[in-house]
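Participant: Line by line, the protein sequences are chains A and B. So for the first sequence, our numbering puts the first residue at 1; every next one is plus one. So for the second sequence, our numbering puts the first residue at 631; every next one is plus one.
Since the hints were derived computationally from the structure, they do not count as laboratory data. Computed from a predicted structure; not experimentally measured. Positions of the beta carbon are idealized from the N, C-alpha and C atoms, including for glycine. Treat the hints with care, since some could be wrong.
[As the list claims (entries may be wrong)] Derived DSSO-like pairs: lysine-lysine, alpha-carbon spacing no greater than 30 Å straight-line:
1. B:K680 - A:K192
2. B:K680 - A:K18
3. A:K18 - A:K32
[Said to hold, decoys possible] Chain A is faced by these chain B residues, among others (derived, beta-carbon under 8 Å):
4. R664
5. E673
6. L681
7. G690
8. A691
9. A712
10. P720
11. G722
12. V725
13. A740
[What the hints assert, rightly or not] Label-pair ranges, simulated between beta-carbon atoms:
14. A:E257 - B:R787: 51 to 61 Å
15. B:H676 - A:T388: 32 to 42 Å
16. B:P793 - A:R5: 38 to 48 Å
17. B:H676 - A:K439: 44 to 54 Å
18. B:P780 - A:Y431: 25 to 35 Å
19. A:G435 - B:L652: 50 to 60 Å
20. A:C604 - B:P705: 53 to 63 Å
21. A:C604 - B:P707: 31 to 41 Å
22. A:D592 - B:P707: 51 to 61 Å
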Amino acid sequence: MDNLREVVLSEVLPRVKKPARYTGNELNAVHKPASAGLSVRVLLAFPDLYEVGMSHLGLKILYDLINRRTDAVAERVYAPDTDLEEELRKRRLPLFSLETTSPAASFDVFGFTLQYELSYPAVLNLLDLAGLPLRSVERAGPWPLVIAGGPCAYNPEPLAPFIDAFVIGEGEEVVGEILDLVKTAKADGCDKPALLARLAGVPGVYVPSLVEVEHHADGTVAGFRPAPGVTLPVQKRVVADLDKTPYPTAFIVPYTEVVHDRAMVEVFRGCTRGCRFCQAGAVYRPVRERGRRTVERLVDEVLARTGWEEVSLTSLSTGDYSCLEPLIQHLIRLHGPEGVAVSLPSLRVDSFSVRLAGQIQAVRKTGLTFAPEAGTQRLREVINKNVTEEDLLGAVTAAFEAGWSRVKLYFMIGLPTETDEDLQGIVDLAYKVLGAGRKRRPGRARVTVSASSFVPKAHTPFQWAPQVEREELRRRQKYLIDRLRDRAIEFQWHDVDLSFLEAVLARGDRRVGWALEEAFRRGAKLDSWSEHFSLERWEEAFAAAGIDPSWYANRPRARDERFPWEVVGAGLSRSYLWREWERARRGEQTPDCRDAPCHACGVCVQLKVHPQLAREEAAQVGPGQAEAGP
Amino acid sequence: MSRHRVRLRLAKEQEARFISHLDLARALERAVRRAGLPVALSEGFHPLPKLALGPPLALGATSQAEYLDLELRQPVPPQEVAARVGAALPPGIRVLAAGVPEPDARALMAECAAADYVVRVVPAGGEPEWDGPRAVADLLAGEAWVVTRPVKGGGERQVDIRPHLLGLKYLGPDGDGHRLAMRVRTGSAGGARPEEYLPALGRFARVEVERTEVWLLRNGQLTAPLPRGRG
């Protein structure tokens with residue numbers, strides 16, 4: 001192993017771009033010596049480049065949790081850039097962990113986070129670079145145990161042939177249970193079948209090899225046949241109280257630039273706005289806010305331990321945090337003089353949010369981003385995006401008046417029931433926003449319109465919806481291109497083929513996994529990067545696997561069709577999702593459950609948790625009262 | 631506003647040798663912030679701590695002579711700055727010495743004129759009989775050493791860098807290789823990197839470069855950035 005480190009440092013890294021991505025000695029990286037008698041060694045993998053993976057919060061949380069234990073260690077690995085991969089393959093060197101340059105296959109657990117479907121080829125490539133067989137059945141020994149979690153694990157089936165076990169939901173509690181189990185299994189000399197059987201007994205853990213899927217003649221799912229002792233669906237894990245949940249503050253500080261090079265403090269988890277297209281909003285329920293004092297303490301600690309010049313208050317919709325304004329004012333007062341900026345990952349579409357943005361220094365006056373998602377009120381009601389044209393024009397007017405000259409608007413095309421009228425709505429909104437800008441920032445106002453193509457996702461009300469055919473999506477893109485012609489408007493759109501592939505993987509089954517393997521054999525690796533993506537490769541792969549990708553992407557589903565992803569559950573009841581799908585098609589809105597009666601989505605009952613808002617705590621905890629730490 | 635400047639001499643060791651110059655500057659900014667020093671901030675929407683580094687070091691090289699100037703809002707004794715920054719530095723970077731620059735000192739980069747290096751070379755296979763002293767003497771006796779450099783925006787050009795070589799000495803064998811000492815001109819008036827001279831000396835399988843000192847031009851004299859004997 002020392003030899004591998006020596007070769008990597010002296011022969012390999014001097015030949016690759018930005019070698020500081022691979023040295024593993026960034027500030028706060030944890031190095032535990034091999035001699036420390038560690039019972040469980042875990043390799044945490046993000047199947048994309050370092051720049052992307054180092055920006056991701058979930059793995060930082062797991063890294064911290066595992067390394068707090070004296071009997072375990074977590075190290076990191078990311079997808080090597082093409083030049084490093086070439087050097088490794090040329091020299092027949094294995095994929096190595098960053099911290100100790102140990103071969104990936106030498107770990108007890110090789111754990112992947114699945115943040116987006118297009119990273120799946122990189123998962124296979126990392127297994128291959130580690131020298132491991134891709135398929136779970138071909139890895140005879142129990143170690144390394146290959147596990148995966150993250151939002152895409154809510155449809156685990158395309159990766160089911162390759163992953164030994166999936167972890168569904170939030171990792172904070174279940175990771176400790178898995179480590180304990182692995183420790184015992186190692187001591188017992190467990191073989192792989194015994195290990196997997198034990199794992200299947202952990203709530204939130206799905207072992208695909210212990211579930212057989214039966215199909216109807218038309219290819220749809222007929223049913224699941226679980227091995228004895230396995231209960232389906234495997235429901236997600238969720239932590240009840242974030243204030244009592246450990247949160248990392250000694251974040252690893254990268255040397256090279258990464259996508260989000262800043263401290264992150266998660267202010268809440270979950271979102272109950274109920275946008276019907278949004279998988280995150282569905283699967284991370286319920287809303288659980290951290291107390292304001294906990295957030296303040298975490299910000300202090302993370303800044304002291306990292307020296308970052310910016311802290312981002314993260315969540316799915318930070319504008320909804322109950323005590324956001326006093327929190328931001330406090331943070332600016334306390335940390336502003338040190339040159340530290342506070343930032344928000346996204347802004348709600350209202351003038352309150354613009355006022356907040358004006359208070360924080362991190363937002364340069366060059367651009368503010370809003371996401372109306374759809375161009376007409378009718379379609380926004382279909383998707384339950386509770387934003388009116390008045391809200392949007394109020395927000396952008398406030399932004400232009402406060403000195404911003406550039407506004408970015410996010411839309412989706414191809415949403416269910418969309419017509420050309422809705423596309424025209426995008427065009428009209430863009431010009432109205434530009435008009436508001438020209439009045440206040442003559443000659444300076446610019447509007448960027450970004451339109452991605454809608455991808456229906458598992459466990460959302462739109463899981464029954466077909467993705468619009470590729471040719472039609474291209475026509476809709478062209479509709480916008482032809483009409484957003486003003487020099488002050490920049491129009492951005494996404495590659496339709498990538499969105500199509502994403503749709504196939506997002507609602508795929510195990511047969512899609514075979515196509516994935518075929519695509520990997522044909523060279524698919526970093527497909528989330530359009531310069532590495534090739535549709536022909538995938539078309540060949542689908543043909544070789546004998547499946548029709550549009551059957552997965554473009555087919556409307558019947559009400560009673562069973563879905564491959566229903567082996568796992570996010571706590572949402574099927575009847576709630578169907579009700580929402582029907583309400584969508586009738587254009588009926590469903591309000592946020594924090595301000596309305598319960599909509600019986602099923603999460604709180606199923607998972608025995610409750611929404612938790614910091615404003616309730618504010619009412620209970622008087623000023624000056626100390627807050628209990630975690 | 632009175633300026634309270636402190637100059638630190640830093641070592642960039644093996645562990646830190648893959649950190650680029652820009653990345654090092656950012657890492658030092660963050661270390662200074664962690665140290666909780668009253669660093670002066672630049673004006674503007676994105677205030678940055680007022681730090682200045684000496685000349686860039688090539689990626690992969692180590693150094694015993696990276697200099698960092700800090701501007702503070704109030705006076706802090708240099709030894710205290712050294713201790714606090716030292717405790718906050720990332721792995722592979724150490725404080726070697728601290729002091730106060732001359733009151734009339736300009737920015738490090740503006741005054742920097744030369745740098746010393748120790749270069750360890752391992753001759754390529756098939757050349758076990760590399761004659762170091764001879765190769766050194768030949769390069770020193772030569773009139774010119776022309777290298778090809780890429781030009782910004784594409785293309786390349788030929789440059790004679792022999793005038794930038796201010797000193798070269800064969801130090802002796804070292805394990806499977808040999809050690810050389812070099813003094814090379816650097817700064818706005820032109821300069822060179824030590825590796826650029828190596829093809830004139832032989833073919834090498836491995837090269838390790840360490841910067842041992844940088845020199846400022848003050849009153850026509852090459853002067854060390856900090857008084858000697860404090861390190």
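Participant: Next, verify each hint and record whether it holds.
Facilitator: Hints, verified against the model:
1. B:K680 - A:K192: The given pair, whose Cα atoms are some 58 Å apart, is violated under the 30 Å limit.
2. B:K680 - A:K18: 26 Å, holds
3. A:K18 - A:K32: With a Cα-Cα distance of about 25 Å, the restraint between K18 (chain A) and K32 (chain A) holds, given a limit of 30 Å.
4. R664: 4 Å, holds
5. E673: 11 Å, violated
6. L681: 12 Å, violated
7. G690: 5 Å, holds
8. A691: 11 Å, violated
9. A712: With Cβ-Cβ at 17 Å, over 8 Å, it is violated.
10. P720: 4 Å, holds
11. G722: Hint on G722 (chain B): holds, closest Cβ of chain A at ~7 Å, below 8 Å.
12. V725: The hint is violated - V725 (chain B) has no Cβ within 8 Å of chain A, the shortest such distance being about 16 Å.
13. A740: 25 Å, violated
14. A:E257 - B:R787: 51 to 61 Å: 30 Å Cβ-Cβ, so the 51 to 61 Å window is violated.
15. B:H676 - A:T388: 32 to 42 Å: At 34 Å between Cβs, range holds.
16. B:P793 - A:R5: 38 to 48 Å: 41 Å, holds
17. B:H676 - A:K439: 44 to 54 Å: 29 Å, violated
18. B:P780 - A:Y431: 25 to 35 Å: 46 Å Cβ-Cβ, so the 25 to 35 Å window is violated.
19. A:G435 - B:L652: 50 to 60 Å: 42 Å, violated
20. A:C604 - B:P705: 53 to 63 Å: At roughly 59 Å between Cβ atoms, P705 (chain B) and C604 (chain A) fall inside 53 to 63 Å, so the hint holds.
21. A:C604 - B:P707: 31 to 41 Å: 59 Å, violated
22. A:D592 - B:P707: 51 to 61 Å: 57 Å, holds
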